[in-house]
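If you want the building blocks of each chain, they are given just below.
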Amino acid sequence: MRGLWELTWLETKIFLREPLGAIGTFIPVAVFVLLGRSLPRVSATSALPGDGVLSPGGVPVLVSMLIAISAVLSLVTIISIYREGGILKRLRATPLRPPTILTAHVLVKLLLTAFTMALMILAGKRYFTTDAHVPLFSFALALLLSAWSILSLGFVIASIVPTARFAQPVGALVLYPMIGLSGIFVPLAQLPPALRALARVLPLTYVVNLLEGIWRNEGWLAHLGDVGALVVTFVVCIAISSRVFRWE
Amino acid sequence: MSPPAIRVSGIRKTYGSLVAVHDVSLEVRDGEIFGLIGPNGAGKTTTMECVEGIRTPDSGTISVLGLDPFRDVYQLQERIGVQLQQAQLQKRIKVWEAVQLWASLYRKQPKIGEQLLEQLGLVEKRDAWFMTLSGGQKQRLFIALALINDPEVVFLDELTTGLDPQARRAIWELVRGIRERGKTVFLTTHLMEEAEKLCDRVAIIEYGRIIDVGSPAELVDRHVPERSVVLVTDDEHAGDQLANVARASSMTRDGSRYTLHGSGEQFVSSVIECLSESRIHVKDFRTVLPSLEDVFLKLTGHSIRD
Ligand SMILES: Nc1ncnc2c1ncn2[C@@H]1O[C@H](COP(=O)(O)OP(=O)(O)O)[C@@H](O)[C@H]1O
Ligand SMILES: [Mg+2]
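As they're listed, the protein sequences go chains A and B.
The working numbering numbers the first residue of the first sequence as 228 and each following residue consecutively.
The working numbering numbers the first residue of the second sequence as 1031 and each following residue consecutively.
Calculated from the structure, these hints are not laboratory results.
Listed below are the simulated BS3-like cross-link pairs for lysine-lysine, each with C-alpha atoms no more than 27 Å apart in a straight line: (1) B/Lys1141 <-> A/Lys240; (2) A/Lys240 <-> B/Lys1138; (3) A/Lys240 <-> A/Lys316; (4) A/Lys240 <-> B/Lys1168; (5) B/Lys1155 <-> B/Lys1124; (6) A/Lys316 <-> B/Lys1168; (7) B/Lys1121 <-> A/Lys316.
The following block holds chain A by itself, in its conformation from the complex (with noise of 0.2 Å):
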């Protein structure tokens, strides 16, 4: 792995250069700051008072899974564009072995999610009373363990889609439906039992029922199942990306 240190601080810097890259880290602490603020002080652990409509711990997991899907989504964006521009290949034709170019990516993205955790939980300090003990280390985990599940399946997209100007739509289509399925906004005993299968086949389902039972304080080893899924999913997708993944 010759140069993946070295690409991945380089790639992180060159994804602070672009107008959209800082501040987009930035919007969803400000959307979850913004939040905050709009709403009376709460306990992070109950429901939100007035509207019920997001279950126990929503707000933070909510914008949480944004944070991921953000990374997933500039991260095919990136690729679909280097690899149009032919950066990839030109990557290719060097001593560097192209499961480092990609990890590079996927690095650069975790330390970014890490970073926007960082971020929210001080603003979440901030804004959310936090009257139980919330596991923040834990949660912060499992949230770097739900991004990385979900930026393979943003690889999985990133080698289908055929051109750059695809890549994004393409991704936001299939991710943030996924959101409106996952249990977040609506139980999963209250869906139909046709789109409830759905939802149990799709991994964002398994980042929220991980998300909120860490941060209900349930520990890892009731949710050993979600990580597995996790885990599972990222095996597929790097499994279906290493077969139909395109350098050109």
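Fit chain B with the ligands to the known structure of chain A by using the hints.
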């Protein structure tokens, strides 16, 4: 003689039903500038990228520096330098960052980055983003990246396409410099002038097949031996005297301007001899030699630009 730097035998490459390379065999000698020339779509890039190990031919064998580009690709990439046709870098990567990244990728951790930037006239552009560079500057950066590991063989695919004549000449000078340092250069171009001025030997490729190989002068001699002499004189007897030049196949006259056609290396000197023996005073004298362009026309029946 040392073994050839590159040996390609009978490679074939198809994309679906399209046969991009039918059957290509060639040898690139150690230390020469070798050009693969042909029109767009002839299969130059495909051939070159098979040799670089970026694509895999359907059949045939390739050896570069004694290595198999498919099996030994990582070993090979340490020893070659590559410039790809139509490659880009990250829009917002800085020149020095690209050079530094590339240097970090090779096992021997080369230290010649700064020196290359200087040689290639990119020092003022060190901190510029890739997207802000001109076409010529981008190509010079790509040359720097291709040379960063002090490679034994350098591959240059359509290096000067899209550049203005001045930038093109500067790049030719750089390529000659690479050869001076004892390296082998394998390049492709669809510009006949470039091939003629730069290459020690060329292979002409069309529809995925090599039509002929040789030095530009050899190819011209072999395929278009015809030469012409154009001279201007007021001497009344010139026409009669010049008609005696045995090697001339035909002569036309337009006022005081005579054009003689002939063939072979002796033709031009036989015209000069005739002029000096007959003491004919000439105001202008030009020889018109065929070029690779004419070779191409002769071999394929059409111009390379069609
Ligand atoms: N990746 C590819 N997929 C499909 N067809 C290709 C691909 N690369 C090249 N071709 C086709 O193969 C032929 C030869 O292309 P190429 O090797 O790029 O020629 P050249 O470099 O001489 O212009 C062309 O008809 C081109 O359209
Ligand atoms: Mg080409």
